[in-house]
Amino acid sequence: MASESISVTTSDDQTIQLSRKHAQMSQTINSMLEDSVGADQEAIPLPNVSSEVLKKVIDWCTHHENDPAPVEKVKKLNKKREYKAKNSTISDEWDKNFVNAELRVIVDILLAANYLDVKGLFELMCKHIANELKGKTPDQIRERFGIQDDLTEEDKAAMRKAWGATKNDS
Amino acid sequence: MQHIPDDLWTDILSFVPTFDLCAPCFTCNALREAACRLISSRIPHSDYWWRQYKCLPVHNIDIVQWWSSSHIREPMRQEVLEAVRRDDVQIINHLGWDVNQQSLPIGSKKIISICHEREHLSTYLKSETTFSPGYSLIKLLGREGNLEMIRWIFNDCSVKGLPSIKWPQDIHGYNGLEKIRRIRAKWTYRYDRMAGKLQRRATTDVETQERGYSSETNGIGPYTTAFNAGCREVIQMAIDHNYLTKETPFDSVILKGSEPLIKHMHERGVLHVENLSAWFQRRKEDITEQRLRHLWKYGTGEILSEEFESDQPRTKRRKSQENERSPF
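If you're matching them up, the sequences are chains A and B in order. So the first sequence is numbered by my numbering: it starts at 1 and just counts up by one. So the second sequence is numbered by my numbering: it starts at 1 and just counts up by one.
To be clear, the hints were calculated from the coordinates, so they are not data collected in a lab. One thing to keep in mind: the hints can contain errors.
[What the hints assert, rightly or not] Lysine to aspartate or glutamate pairs mimicking EDC-like chemistry, simulated, CA-CA at most 20 Å apart:
#, chain 1, residue 1, chain 2, residue 2
1, A, K134, B, D88
2, A, K86, B, E74
3, A, K156, B, D6
4, A, K119, B, D87
5, A, K86, B, D87
6, A, K156, B, E74
7, A, K161, B, D11
8, A, K161, B, D88
9, A, K156, B, E82
10, A, K134, B, E117
11, A, K134, B, D87
12, A, K134, B, E267
13, A, K134, B, E274
14, A, K134, B, E259
15, A, K84, B, E74
16, A, K86, B, E33
17, A, K119, B, D88
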């Protein structure tokens, strides 16, 4: 019978125990477990996730362990027959507190969620960062996310033309 | 801080509305490419998304000043209306007060009052085409579902916080009302969808703002439309807030009322006896027919003839036979 907890080794060489239920919320760990059926139960290496971030991921998994599996939503059209953006509202109060952290931590969790393939957590982090972007000027976005301006003048002119299109142009 | 890999920006920006993708397009190559890919996928009917008109963001004065100074384009009515919707006078001042009748249904009391101070409303009222745009004004009012604004425009009663305005005769005159009624008939089918929003907005209005108008009405208001659409929630809300009383002249629309709604209103004592008897006189044949149909459908063997039974679908017939056999 499969053991109830699984050991993982983080990038900072810490071994952390997590329950099978939480481990199965990560598609990456789940695949590793399926691949290692019958093999000696060694700690699963997670070279891209630090212990600090993994603990955050486990916290999130603990809170959401009984959530139903996420359903792929159908794209909706708006009045102009254009597809709408996905809804970025974070409705769960616990999640709101969870994302109330430094951007450095948020980005680390985003990367960990992407690597571990924890869909709900990845979506939450994307929503939070998307909300951070809204209403910011390009300079503010660059400053906030430490991005270099690598656009040429031609790129910017093309974008000005695209965004400057009026109803008569279309 | 670790950098966000380029491929993740598409996932992140998928949560950003199209107008908010403007700034990312001017930030860096990775964001620009992700944003352009998304815009292209969101405009499915155009091969040339860059030629399509796109609304620019008006979240705050910083972003508005950025695109104004970047010479992307002059502000258009959509941006002004969005600023009106956001109730941001500073942005409207920056964009220019290109407010028109579309601003009325979506504007707050603050915005409408400023429009009045700036004499935009009187200009609008004096214009020769004052009532020709009434159709779209009514449609907008219905879509936005701002109860106070609807009452202010149609009821000519003073709404606290809004300027007292003498609306053109066309709006309150007989012709105007007839036009509104005709439009309303077309408009009604959309009310099921609107009703939820209408109720939400109205409830917020009532909760957050002191009511400053009387319960008198000339019969044109959100609840008449809700009534025609059979929307019980809105009717109940109107009763709760005394918008709908026994004195409300509902006679012109009462005849179209559905039986459950009439019953609901009657039980709450908001139907004048004359209105009720007029409705009953008009509908008694329909009601009799409806009742007969009801009996016919669910009636006993005494009513159901063999002939009728044979006309029923096989499954229904089997079900009714099973029901007859069942002691419960």
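Evaluation of the provided hints:
no. : hint            : verdict
1   : A:K134 / B:D88  : holds, 17 Å
2   : A:K86 / B:E74   : violated, 29 Å
3   : A:K156 / B:D6   : holds, 19 Å
4   : A:K119 / B:D87  : violated, 37 Å
5   : A:K86 / B:D87   : violated, 25 Å
6   : A:K156 / B:E74  : holds, 17 Å
7   : A:K161 / B:D11  : violated, 25 Å
8   : A:K161 / B:D88  : violated, 27 Å
9   : A:K156 / B:E82  : violated, 25 Å
10  : A:K134 / B:E117 : violated, 33 Å
11  : A:K134 / B:D87  : holds, 18 Å
12  : A:K134 / B:E267 : violated, 50 Å
13  : A:K134 / B:E274 : violated, 57 Å
14  : A:K134 / B:E259 : violated, 49 Å
15  : A:K84 / B:E74   : violated, 25 Å
16  : A:K86 / B:E33   : holds, 18 Å
17  : A:K119 / B:D88  : violated, 37 Å
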